[in-house]
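In terms of our numbering, the sequence shown opens at residue 1 and continues consecutively.
To be clear, the hints were calculated from the coordinates, so they are not data collected in a lab.
Check each hint, because a few of them may be wrong.
[Claimed, not checked] Derived CB-CB ranges, DEER-like:
#, residue 1, residue 2, range
1, Asp88, Asn30, 29 to 37 angstroms
2, Ile45, Asn5, 42 to 50 angstroms
3, Asn196, Ala150, 17 to 25 angstroms
4, Pro85, Asp281, 34 to 42 angstroms
[As the list claims (entries may be wrong)] In the PhoX-like style, the derived pairs of lysine-lysine whose C-alpha atoms are separated by at most 20 angstroms in a straight line are:
#, residue 1, residue 2
5, Lys108, Lys81
6, Lys140, Lys233
7, Lys147, Lys108
8, Lys219, Lys233
9, Lys219, Lys165
10, Lys140, Lys108
11, Lys183, Lys159
12, Lys258, Lys270
13, Lys7, Lys40
14, Lys124, Lys147
15, Lys233, Lys258
16, Lys261, Lys219
17, Lys165, Lys124
18, Lys261, Lys233
19, Lys108, Lys124
20, Lys183, Lys165
21, Lys81, Lys40
22, Lys18, Lys7
23, Lys165, Lys147
24, Lys124, Lys159
25, Lys147, Lys159
26, Lys236, Lys270
27, Lys81, Lys18
Just so we're clear, the structure is a prediction, and the values are computed from it rather than from any experiment.
Yeah, the Cβ is synthetic: ideal placement off N, Cα and C, and Gly gets one too.
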Amino acid sequence: MTPLNFKIIQQLNSTFFKVQNDNEYGVIDNFGNIRIPMEKRDVAIYSDDIFINETSCRTHDQYGDLGKFEITYVLVDVNNKQLTPHDDYSVIEPFDLTVGLAKVERHKRIGFINNEFQETIPCKYIDTSCYFPEQVTEFKEGVCCLKYAANEFHYLDSKGRTILKAHYFLALNFSEGFAAVEKRLGGWGFIDEDGNEIIECQYDDAYSFSNGLAAVKDKRGHYNSRQWGFIDKENKLVIPFSFDDVKPFRNGFSIARKGSKYGVIDILGKEAIPFIHSHIDGNETEPSWPYSYVRIDDTRFITGKFNVYLTDTRIPHRY
Numbered sequence: 001m002t003p004l005n006f007k008i009i010q011q012l013n014s015t016f017f018k019v020q021n022d023n024e025y026g027v028i029d030n031f032g033n034i035r036i037p038m039e040k041r042d043v044a045i046y047s048d049d050i051f052i053n054e055t056s057c058r059t060h061d062q063y064g065d066l067g068k069f070e071i072t073y074v075l076v077d078v079n080n081k082q083l084t085p086h087d088d089y090s091v092i093e094p095f096d097l098t099v100g101l102a103k104v105e106r107h108k109r110i111g112f113i114n115n116e117f118q119e120t121i122p123c124k125y126i127d128t129s130c131y132f133p134e135q136v137t138e139f140k141e142g143v144c145c146l147k148y149a150a151n152e153f154h155y156l157d158s159k160g161r162t163i164l165k166a167h168y169f170l171a172l173n174f175s176e177g178f179a180a181v182e183k184r185l186g187g188w189g190f191i192d193e194d195g196n197e198i199i200e201c202q203y204d205d206a207y208s209f210s211n212g213l214a215a216v217k218d219k220r221g222h223y224n225s226r227q228w229g230f231i232d233k234e235n236k237l238v239i240p241f242s243f244d245d246v247k248p249f250r251n252g253f254s255i256a257r258k259g260s261k262y263g264v265i266d267i268l269g270k271e272a273i274p275f276i277h278s279h280i281d282g283n284e285t286e287p288s289w290p291y292s293y294v295r296i297d298d299t300r301f302i303t304g305k306f307n308v309y310l311t312d313t314r315i316p317h318r319y
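Sequences and hints are given; from them, build the entire structure.
In structure tokens form, the structure reads like this:
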């Protein structure tokens with residue numbers, strides 16, 4: 001075996017090691033064989049035997065002055081063969097195993113690659129996930145909503161086929177057969193899977209349907225209260241406008257706020273946890289936000305999904 005003459009050796013997994021000499025990086029296997037030659041670009045593990053190479057460069061403006069640093073990525077295999085169709089992606093996210101696609105970004109436009117590293121959905125869409133946390137997972141119910149241009153959103157399946165074009169100022173993913181959409185001057189409403197506007201755009205804000213209900217914020221133009229309530233799929237106001245903030249229902253419960261106090265309501269609008277707390281948060285890092293309760297006698301007991309803080313202390317309180 002060739003002697004290892006590297007300044008830094010870092011284990012990536014049980015088979016491969018990242019090696020470094022000054023500003024050059026490479027990959028060797030556990031027998032000391034060089035798999036990715038030393039280059040002036042960083043390398044990290046992407047999956048078991050796929051690596052992601054990172055290149056940093058300083059751009060120049062139109063006058064030739066130095067601009068900001070730009071970082072680009074490319075996927076390569078254990079033989080340093082390029083896998084992705086381009087070597088200048090600004091984002092390559094992990095694969096979503098439910099649809100077999102990975103989100104990529106190139107030239108400030110997003111798309112998706114499949115497990116054969118082909119761009120199933122070309123990088124021609126505008127990323128809106130930073131504005132809508134619901135969109136972070138991208139695909140929901142097998143369909144992805146992407147902004148194509150001003151006032152135009154495309155709903156695509158995992159094969160990249162456009163199944164619906166929606167001409168709205170904003171649009172969200174489908175949930176329970178409906179998608180929340182906004183007209184710039186007309187407020188929020190809901191369309192069905194054929195693009196029909198089933199619930200007229202009239203609300204000041206809206207969340208997607210969950211547990212059969214959608215949170216909506218007062219009708220457009222009613223600025224005195226601007227509070228949240230919940231409607232059903234017939235646009236019937238099931239839970240009145242009485243909350244200053246709400247979260248979508250998960251497993252039959254919603255975190256809500258009245259003034260500065262937080263509580264939890266059930267799908268009938270009844271208080272499951274009274275509005276006396278300075279803060280309540282659920283497991284919102286998970287795309288499904290799986291709020292979970294068990295009943296003990298006449299009390300609801302929080303099973304690790306919520307942290308509830310009393311108004312005057314930071315000691316968690318259980319129900």
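Against the structure, the hints come out as follows:
no.: 1; hint: Asp88 x Asn30: 29 to 37 angstroms; result: 31 angstroms, holds
no.: 2; hint: Ile45 x Asn5: 42 to 50 angstroms; result: 22 angstroms, violated
no.: 3; hint: Asn196 x Ala150: 17 to 25 angstroms; result: 22 angstroms, holds
no.: 4; hint: Pro85 x Asp281: 34 to 42 angstroms; result: 41 angstroms, holds
no.: 5; hint: Lys108 x Lys81; result: 25 angstroms, violated
no.: 6; hint: Lys140 x Lys233; result: 19 angstroms, holds
no.: 7; hint: Lys147 x Lys108; result: 13 angstroms, holds
no.: 8; hint: Lys219 x Lys233; result: 16 angstroms, holds
no.: 9; hint: Lys219 x Lys165; result: 26 angstroms, violated
no.: 10; hint: Lys140 x Lys108; result: 23 angstroms, violated
no.: 11; hint: Lys183 x Lys159; result: 29 angstroms, violated
no.: 12; hint: Lys258 x Lys270; result: 14 angstroms, holds
no.: 13; hint: Lys7 x Lys40; result: 15 angstroms, holds
no.: 14; hint: Lys124 x Lys147; result: 9 angstroms, holds
no.: 15; hint: Lys233 x Lys258; result: 25 angstroms, violated
no.: 16; hint: Lys261 x Lys219; result: 24 angstroms, violated
no.: 17; hint: Lys165 x Lys124; result: 15 angstroms, holds
no.: 18; hint: Lys261 x Lys233; result: 29 angstroms, violated
no.: 19; hint: Lys108 x Lys124; result: 9 angstroms, holds
no.: 20; hint: Lys183 x Lys165; result: 15 angstroms, holds
no.: 21; hint: Lys81 x Lys40; result: 17 angstroms, holds
no.: 22; hint: Lys18 x Lys7; result: 11 angstroms, holds
no.: 23; hint: Lys165 x Lys147; result: 10 angstroms, holds
no.: 24; hint: Lys124 x Lys159; result: 15 angstroms, holds
no.: 25; hint: Lys147 x Lys159; result: 17 angstroms, holds
no.: 26; hint: Lys236 x Lys270; result: 17 angstroms, holds
no.: 27; hint: Lys81 x Lys18; result: 17 angstroms, holds
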